[in-house]
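Asker: Listed here are the chains, written in short residue letters.
Protein chains: 2
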Amino acid sequence: MDMLMFQLDKAIHTPLYEQLYAAIKSSIIERKIQTNDKLPSKRKLADFLNISQTTVELAYGQLLAEGYVLSKPRVGYFVEDIDTLAYVDMEEPSQNISPEAVQIAIDFNPGQIDTQSFPFTTWRKYMKDSIDEEKAELLLVGNAQGEYELRQEIANYLYQSRGVQCSPEQIVIGSGTEQLLPMIVQLLENEHTYAIENPGYATTHYIFKQQHQSTVSISVDDDGMDIKELNQSNATIAYVTPSHQFPTGAILSASRRVQLLNWASKNSHHYIIEDDYDSEFRYTGKPIAALQGMDQEGKVIYMSTFSKSLMPSLRIAYFVLPPKLLEIYNEMYNYYTCTVPRIDQHTLARFMQDGHFSKHLNRMRKIYRRKLEKIVTQFKLYGDKIIISGEQAGMHLMIKANHPLNALELSQLALTNSIRIAPIDNYLVTNHSDYNQHLLLGFGGIPESKISSSIDALMHAFGFKKEY
Amino acid sequence: MDMLMFQLDKAIHTPLYEQLYAAIKSSIIERKIQTNDKLPSKRKLADFLNISQTTVELAYGQLLAEGYVLSKPRVGYFVEDIDTLAYVDMEEPSQNISPEAVQIAIDFNPGQIDTQSFPFTTWRKYMKDSIDEEKAELLLVGNAQGEYELRQEIANYLYQSRGVQCSPEQIVIGSGTEQLLPMIVQLLENEHTYAIENPGYATTHYIFKQQHQSTVSISVDDDGMDIKELNQSNATIAYVTPSHQFPTGAILSASRRVQLLNWASKNSHHYIIEDDYDSEFRYTGKPIAALQGMDQEGKVIYMSTFSKSLMPSLRIAYFVLPPKLLEIYNEMYNYYTCTVPRIDQHTLARFMQDGHFSKHLNRMRKIYRRKLEKIVTQFKLYGDKIIISGEQAGMHLMIKANHPLNALELSQLALTNSIRIAPIDNYLVTNHSDYNQHLLLGFGGIPESKISSSIDALMHAFGFKKEY
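Residue numbers (the working numbering), protein chains in the order written: chain A, 14 to 481; chain B, 14 to 481.
Treat the hints as calculated values from the structure; they're not laboratory data. Only true hints are included.
Computed cross-link-like contacts, SDA-like style, restricted to lysine to any residue with a CA-CA straight-line distance of at most 20 angstroms: (1) A:Lys23 <-> B:Glu147; (2) B:Lys148 <-> A:Ile64; (3) A:Lys138 <-> B:Arg137; (4) B:Lys463 <-> A:Glu150.
Ranges of calculated distance between the beta carbons of each label pair, as one might list FRET restraints: (5) B:Asn444 <-> A:Leu374: 49 to 57 angstroms; (6) A:Ser246 <-> B:Thr443: 40 to 48 angstroms; (7) B:Thr216 <-> A:Phe61: 45 to 53 angstroms; (8) A:Ser281 <-> B:Ser466: 50 to 58 angstroms; (9) A:Ser268 <-> B:Lys57: 58 to 66 angstroms; (10) B:Ser180 <-> A:Asp145: 35 to 43 angstroms.
From the three backbone atoms N, C-alpha and C, an ideal C-beta is built for every residue, glycine too.
Full structure from sequences and hints, please.
Answerer: Given below as structure tokens:
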């Protein structure tokens, strides 16, 4: 056959190669593609579907491994007679493929990073060096809190760049927020009410709920969480993102920081969870140290991750415990094994030790800043149609559209133009009319060279015209 | 100085290099080692302390990084003037070092594997191939249940070697029992009473307790869990290790398997958690398929791990959900991100796909079988002093010592001879006089060449003499 047409969806979680594999497989099972048909060459199919050749290679490899196709070297891939297969799964293996799925051309999802600039060669070298007969001990179970050498590097980094005061003993390494936050909830023992930011990070709300904790949502404005509202609430634990509020991008003001710490001092059961998820990237204004560094009374549990600074799929995050909670941790988790592969921890520790992490951060900060500047410049061409906020740090900002349609309608309008952008509504715990016109624009995953055209495409979708 | 004498403890979790680092550091801080003193060469210190040169290198590297020593190329390491350091942590960084700590020469701890036989070169190659610009998508968040290609490999493996019937869609990949078992508890929703084996795997009991679940302990005999006792209990979930009971090594008999499945059928809330942690290695008798394969009613949650088959520090485990629980999973964990690094998952999937996993298993099975045969042969030389059981599978067995001292006293006696071996008492949930004389002997970590001498050393510690 000449070509295969499939609708692949870059927006859903299922990897593209998996979608492609599933689509071809069901075409074979349903006899839409005949026995002995030759599949298109990898290059041609990749070009046709506008995906990478690796993606096609992965999909073909899977089909080959399962016997749906056979490979004739230097000729190509041919469809097998499926009657000869021992077992054919007649159902589609993935429910995620729908013919209606929209192809996303521009993705303003805030979870993306700039994958093009990752130091593959260096990382590969350090990973290679960690897998070695001489380091056979790394195959065995390591320290429950994570490798000491990695905690030492993290402690140094946190002190120097975030003003966090801690020893490696206070650090617990784990596989991400989903895994670490339930541990923190367990450590806090008593029945608590968690103050969560509104709008805020939905995953954490799910986790508190699943851990059977009650929550109360507290408003966020340009200065971050409203501490007056917190004081009036019955909350005992405050979950905050002070360096770059998610999703509004607000920075918790200095006076509110003091008020928040005072709130925590009021009661021995009060604690603050400071989620410093993307603080590595700050572009303007004086650097503001972490709340943890201001805390004199052991009230702040600091947490952060390498998801933004290195890669989301590495699954290395950590929290820093104040001394009192560290004691509880040591009693409660004495049976525990650290969830992060030891070889990965060793690799990261060495990468940091040799200065590659700070080098990478400095490089990425420049790249993300340039992207941000391009976004700001581009939006300015549209006059007062778009108001930007939260652009001092991180890899996302908030935009307010001066448009007769609301943000939800605008995001749907964008989608029909193959653009994904979420309304702030998606992150609201309780309704809040202040955010009717606001959208969350993540720019980490968009290549620098495509920033301006992506903004233009979004403005075009909204029906806005350049004024300058 | 000529040499440094430290007591390092191979038995505790803290890595040796960390212990060494901490010991030298506190000696420097306490001025036991003077400014400008030259540290012993790496090779000499390694020889002297009977540890690897890498361990010394790691410790020296750490001291260097923190400024406690300076390195003169081709001359050696010299102690710095600590008054010049900006910050000296006067406390010992690790509480785990005690002068009384016993050096463990022979370790029968069941958590060890044979690290010498790990295919470092192949694993390194696959890992290297996974870190590639062409596969930049692997940096981003992947499928929440784990990479589809890895789940496919696991499904194939489980079907072929364990008779487990499942599709990749039913598999959820995670970072180990400590991370996956709480997810299962959440999935089962209702308030349950968990039947746990007595003796059994202590970590799981902690987890059930921490998840606020009630437990009831059920006796184990030569045929595994006593199902009569289970039927008489108020348990609604049965946690079992049918292939090779931990720690007794008993195999759940065929009739009890049927009884256990019947127990599960009795009530719609009843479920079985089948922990198949070391089933890869079976040496004698007909292979017994997993319980899951016999289950017609979707009552078995199957779980297993790569800790024994590859390495404990890889932190890749998984569970297989029956369809009904899969539906609940899909609703409950829609916010979730898989905790296992995607590059590691990709590496393992390719390693399995190309047949290296089965090759490795076959090779290790032979090695572990030879070790086991040597153990049995060696114990026979001591007549009826030792009775062995649980030696049909896995990497540990149970021994019963015909000795005036009980197992606890024997394990203490062993420790004074630098041998670590745990009494079965350590694994008892409630007291059980049947196990007064029983010890758990793990042999995974002991090199084949040292098996016979290690058994002799243990027998010598117990005061037993060869009879043949």
